[in-house]
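Colleague: Below, each chain spelled out in residue letters.
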Amino acid sequence: MGNKQTVFTHEQLEAYQVGMMDQAIGGLFYRYQDLAPQLVPLDYTSCPDVKVPYELIGSMPELKDNPFRQRIAQVFSEDGDGHMTLDNFLDMFSVMSEMAPRDLKAYYAFKIYGVCADPRVGKWERTQTVTKLTRGELSTEEVSLICEKVLDEADGDHDGRLSLEDFRNMILRAPDFLR
Amino acid sequence: SSPHLSSLPCDRSRRSPSMKRPHRAEEAPGRRRAQPGQKERAGGSPGSGSPRRKQAERRGRRELLGDRERGSAEKICRGRRKKDGRASLREQRAPSKKEKEVRRKEEVWKQLKKHRSSSMASSTSSGESLSEEELAHILEQVEDKKKLIASMRSKPWPMSRKLAELREAQEFLEKYEGALGKGKGKRLYAYRMLMAKKWVKFKRDFDNFKTQCIPWEMKIKDIESHFGSSVASYFIFLRWMYGVNLVLFGLIFGLVIIPEVLMGMPYGSIPRKTVPRAEEEKAMDFSVLWDFEGYMKYSALFYGYYNNQRTIGWLRYRLPMAYFMVGVSVFGYSLMIVIRSMASNNQGSTSEGDSDNFTFSFKMFTSWDYLIGNSETADNKYASITTSFKESIVDEQESSKEENVHLTRFLRVLANFLIICCLCGSGYLIYFVVKRSQEFSKMQNVSWYERNEVEIVMSLLGMFCPPLFETIATLENYHPRIGLKWQLGRIFALFLGNLYTFLLALMDDVQLKLSNEETIKNITHWTLFHYYNSSGWNESVPRPPLHPADVPRGSCWETAVGIEFMRLTVSDMLVTYITILLGDFLRACFVRFMNYCWCWDLEAGFPSYAEFDISGNVLGLIFNQGMIWMGSFYAPGLVGINVLRLLTSMYFQCWAVMSSNVPHERVFKASRSNNFYMGLLLLVLFLSLLPVAYTIMSLPPSFDCGPFSGKNRMYDVIQETVENDFPTFLGKIFAFLANPGLIIPAILLMFLAIYYLNSVSKSLSRANAQLRKKIQALREVEKSHKSVKSRATARDSEDTDKSNSKNDTQLTKEGTAHHSASQSQTLDQKAQGPGASSSAGKTVLPASQHLPVSRAPGVRPDSGQARPQAHPWRSTSGKQAWRPPH
Chain A
1 MGNKQTVFTH EQLEAYQVGM MDQAIGGLFY RYQDLAPQLV PLDYTSCPDV KVPYELIGSM
61 PELKDNPFRQ RIAQVFSEDG DGHMTLDNFL DMFSVMSEMA PRDLKAYYAF KIYGVCADPR
121 VGKWERTQTV TKLTRGELST EEVSLICEKV LDEADGDHDG RLSLEDFRNM ILRAPDFLR
Chain B
1 SSPHLSSLPC DRSRRSPSMK RPHRAEEAPG RRRAQPGQKE RAGGSPGSGS PRRKQAERRG
61 RRELLGDRER GSAEKICRGR RKKDGRASLR EQRAPSKKEK EVRRKEEVWK QLKKHRSSSM
121 ASSTSSGESL SEEELAHILE QVEDKKKLIA SMRSKPWPMS RKLAELREAQ EFLEKYEGAL
181 GKGKGKRLYA YRMLMAKKWV KFKRDFDNFK TQCIPWEMKI KDIESHFGSS VASYFIFLRW
241 MYGVNLVLFG LIFGLVIIPE VLMGMPYGSI PRKTVPRAEE EKAMDFSVLW DFEGYMKYSA
301 LFYGYYNNQR TIGWLRYRLP MAYFMVGVSV FGYSLMIVIR SMASNNQGST SEGDSDNFTF
361 SFKMFTSWDY LIGNSETADN KYASITTSFK ESIVDEQESS KEENVHLTRF LRVLANFLII
421 CCLCGSGYLI YFVVKRSQEF SKMQNVSWYE RNEVEIVMSL LGMFCPPLFE TIATLENYHP
481 RIGLKWQLGR IFALFLGNLY TFLLALMDDV QLKLSNEETI KNITHWTLFH YYNSSGWNES
541 VPRPPLHPAD VPRGSCWETA VGIEFMRLTV SDMLVTYITI LLGDFLRACF VRFMNYCWCW
601 DLEAGFPSYA EFDISGNVLG LIFNQGMIWM GSFYAPGLVG INVLRLLTSM YFQCWAVMSS
661 NVPHERVFKA SRSNNFYMGL LLLVLFLSLL PVAYTIMSLP PSFDCGPFSG KNRMYDVIQE
721 TVENDFPTFL GKIFAFLANP GLIIPAILLM FLAIYYLNSV SKSLSRANAQ LRKKIQALRE
781 VEKSHKSVKS RATARDSEDT DKSNSKNDTQ LTKEGTAHHS ASQSQTLDQK AQGPGASSSA
841 GKTVLPASQH LPVSRAPGVR PDSGQARPQA HPWRSTSGKQ AWRPPH
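Protein sequence lines, in the order shown, are assigned to chains A and B.
Just so you know, we're using UniProt numbering here: the first sequence kicks off at 1 and counts up by one.
Just so you know, we're using UniProt numbering here: the second sequence kicks off at 1 and counts up by one.
Because the hints were derived from the structure by calculation, they are not lab data.
It is possible that part of the hints are untrue.
With the C-beta cut set under 8 Å, the calculated list includes, among others, these residues of chain B facing chain A [as the list claims (entries may be wrong)]: (1) 160; (2) 166; (3) 362; (4) 370; (5) 372; (6) 374; (7) 375; (8) 385; (9) 393; (10) 726.
In this text, a Cβ means the ideal position worked out from N, Cα and C, and glycines have one as well.
Construct the entire structure; sequences and hints are all you get.
Modeller: In C-alpha cells:
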C-alpha cells in the first residue's frame, strides 16, 4: 500500500478501482512503467501526460504473438496511433480481463476487428483480418470468398454492412466466445 | 400544447401552484429527448427567474398541508409518466452513444445547477427544507448516480471519460446524500450512507482477495498460454477434483478418523486394534508397511480398526452411525457436486444450433485464442486456422465429394471394427489371466511373476492400447476435438474392463473369506472358552485376560478390500509418475542432448518430444477417483492419500508439461469438453457406487472387526439408532416410510415426473427449432426480395412487413397445432396467446426493429397490454409520422 500511495493519491486509486474490471492497479502500473522505465515517472499524482510507444506495447508477452496486436493498440489508444497513456493501458487490461462482461467484450471486439459501418472500409478490414489470421497463406479468391460468406452470414438486416448490432448478435452466440 | 401531457389523467397537478413546478421542468429535457418533435409547455417555467419561484414557494408552503394527500396521489401518476418516458427511451437507444453521452452530460450539469439553486432557495426560506416530491426526486437521482458508479466498469468508455463521469457523480452524491434526511434523520442517513460505502469497499476488497486466492491460477494460465486451452482444461479439472477431494477428506477425517483416534479405545486394547502375535516381528519392516500390512493394517486408516461400541467418549459420539452416514454422504456429496457442475456447464450452451449459421463468422472472429502467449503455439494456431478455413471453403464449394465420403465412411467403420477387436482381445486376455491367477492362488509356492501376473498384464494393456487406439483413430480423420472424445470413450471402455475384472477377483476373494468366517468364529469362541475354563488355575484368583495379540481372529474382509484399493492407488500413482519421468522427461533430455551427435534430426524426426496426453491423463484421473469412491468406505484413510496424490501430481505434472512436452500439432479449443469429462466422471461414480452398495446391502460384516461387527447387515445400524435414540413415533414413521407399498409408488411418481419433464423439454426444444427454421426461412425470403427489387418504396416494405407478420401468425398456429396438447399449453404460457404473433414479429422483422418507434399524435403512449397486430401498424404509422411534412 505504501508504494502505491507514492504513485497515486488515494482518491486516484479509488477512482481507478471503480472504473476497472481487474483491480490490481498497482501491479498494472508497474508493468506499464517497466515497458519504458525512462519515459514513465514513478509519481502519478499530478497526472503527467506520458505515452508509451506502440513498439513497446506490442512487445508485451500478452500481445507479442497476437496477430491483431496493432489493431488492439490502435483501438485503445487515444489518437488511434497505438501509443498509449496509462489510462489507455488500464482500459485495455480492464476489457481484456476475465471479469469483463460479454457485452463489453463484444463492443471492443467489434472495434478491434474493424468491421466498420462503412461497407467498403469494412470489407477491407475483414480482408485484413483473414489475412492476419492465416498469415497470408490463402489466395485472394479464397479470402474474398470468406469475406463474402461472413457478410452473408452475419448481416442480420441485409443492408450490406456489419453493424454493431449484427456483430454483437453473431458473436454472443459463438460457442468459443468467452467459453 | 403538448399532446403527450394532455393525454395524462393527472394533468390537474400542473394547476396547483407549488414548488413542484421547477422539478417537472427539470424532467423536461429528458422527456424532450425521448420524444423529439414534441413541445413541452411546462418547459417554459425554468426560464422564469427565481423571484417568481419564491413567490410560488411561499404560496406552496401555505398550501402544503392540504397538498400532502394530493401529492401522494400525484406521485403515482408521476411514476407512471416516468415509466412512459423510460420505455420510449429504451426504444430509442439506437442513436450513437457519443451523442447520448453529450446529452447526458448536459443534463447532468443542468440538474446540478438547478438543484443547487432550488435547494439554496428552499434552505433559505424555512427550516422545513424539502418537500416529499423533491426528496423522492433527489433520491431517485442519487440512485441513478449510484447505479452509474456501480456499472461504470462495464461501460465502453475510455478511462478518462470514466474518471470524469465518476468525479461528477461523486460530487453530486456528496452534495445530496446528506441533504436527504431532515434534522435528526439527516445524521443517521449520512451515517448509513457512510456505512454502505464502507461495505461496498469491503466487498470489493474481498472479491479481490478471493480472486487472488484461487490456487494455481498462474500456473494454469502459464500452461494455457503455451499449450492452448485443451491442455489447461485437464489441469482445471485436476484442480476441481482436488477441491472435491478436500471436502471428502474433511468429512471423513473430521467425523470418523479424529473421533475414533481421540475418543475411541487406544491401540492395543482390543484384538481388532492389535497386531497379532504371529505378525508382530515383521510388523514394522518397511516392506511390510509398504504393502499396508503390519501396523498399517491395524491403524485407523482401515475399516477393521473401528470398534462397534455404540457410543464413544464423553461426547457419547455414535461412531458406527457416523461411519455409515459419512460413507453415504461421500457418495451423496459427490453426486450432487458433479451433477451441479454439469448443469451449470450446460446452462451456457443452449445456442448450439446456431453454429451452422455462422461457420465463417465464428471462424473469422472467434478462432484466435487470445490466451496464446508463445510463438510456437501461435505458429500452430495459424496453421490450424488456415487449414480450418480451407476445409470450410472446400465444404462450401463442393457440398459433397462422393468418393471421399464413402472412403471416410469405410475407414471409420474399419477403425471402429479394429478397435472393437482390440477391446475384445484385451477383455479376453484379462479374463484368461484372472482365471489363471485363481489357479495360482491355490498352489503353494508361486513365483513373483505368477503372483503379479494380473497387475502386469493390466498395466501393459493400459500402456500399449491407448497409443494403438490413437494410431487406428488417425484413419478416421476426425476433428481433434471429436477425435479426443472418441479416444476418451474407447480408453474408457478398456479401463472399465480392467476395473471390473479387478472387482470380480476381489469379490471371489471376499466370498472365500466369508465362507471361512464361521469356522474361525467357532475357533475363537472355543479358544476363549478354553482359556478361561482351563484346569490347573486357582479359581479364587481371577485369571488375567488373554492378551489381545493372542486372540485368534477372522480374516476381516473389509480391511482386505480397503488394502487392495490402497495398494492399487499407490501403485497407480507411482506408475504415472515413473511414466512421466521416463516417457516424457528422459525422452526430452535424450532428444535435446543427443541431437548434437546423431545422424538424423531427433527433434523433428522420429522420437521427437512427447505431446501432453490429454485423454490418458483425464481418464487416469477419473478412474483413480472411482477407486477412491469405492475404497473410501473400507479405507477411510484413502481419501487422505488421494489428496496428497493430487497435490503432488499438480506440481509434478505442471513441471513435466512445461519442461518436457511440446504443444499439439493442431491446437484446438476445449470448449465445453469439460462437460464430457464430467459425464464420464458421473458414469464412473455410478459404477463405483454399485459394488459398494452391493456389499453394504447384501454381505454380512465380519464378526470381529469394524464398526458394524456383530450385526447381521451394515445398514442395521440405522435401525438400531432409530429404535434406541429416537422417540417411538419417529420410529414408526421410519418404518412406515420404508414400507415397499410406499416406496414403489414414490418411484413410480418419480418416473412419471421425469417422463413429463422430459417430454416438456423435448417439445420446447422442438418449438425452438421450428422458430429457428422460421427465422431462417424469413431471412431467405428477405434476401431474395431484396435482390429482386433494389428500390423498395416505403409502401412496398409495409406490405411485406404485413404479409410476413401474417405468415408468421399462420406458421405459429400451424406449429402449435402439430404438437401435443401439453406443448401448445406451454407455448401459450410462454407467449400468452395471440401476443405470440406480435412478439415473434418483433424479433423476426428487422425493419420494425430498427425503426425508431414513435407514437402518432393522439395515440395513448402507454397501452400497457400488448395488442395483437398492433405492431406492424404502429411501426408503419410511425414511419409516416416521421416523414417531413410535404
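Colleague: All hints are to be evaluated individually against the structure, with a verdict given for each.
Modeller: How the hints compare with the structure:
1. Annotation: residue 160(B) was flagged as interfacial toward chain A, and the flag holds, the nearest CB pair being 5 Å apart, inside 8 Å.
2. The beta carbon of residue 166(B) is positioned within 8 Å of a beta carbon in chain A (closest approach about 5 Å), and the interface hint is therefore held.
3. At a threshold of 8 Å, the smallest CB-CB gap from residue 362(B) to chain A is about 5 Å, leaving the interface hint in force.
4. With its C-beta approaching chain A no nearer than about 7 Å, residue 370(B) sits inside the 8 Å limit, and its interface hint holds.
5. This hint holds: residue 372(B) has a C-beta 6 Å from the nearest C-beta of chain A, less than the 8 Å allowed.
6. Because the beta carbon of residue 374(B) sits about 7 Å from the nearest beta carbon in chain A, less than 8 Å, this interface hint is met.
7. The criterion of a C-beta within 8 Å of any C-beta in chain A is met by residue 375(B), whose closest approach is roughly 5 Å, and the hint holds.
8. Among the interface hints, the one on residue 385(B) holds; its C-beta lies about 5 Å from the nearest C-beta in chain A, closer than the 8 Å criterion.
9. Below 8 Å, beta-carbon pairs count as interface contacts, and residue 393(B) has one with chain A at about 6 Å; its hint therefore holds.
10. Interface hint status for residue 726(B): violated, as the beta-carbon distance to the closest one in chain A is roughly 49 Å, over 8 Å.
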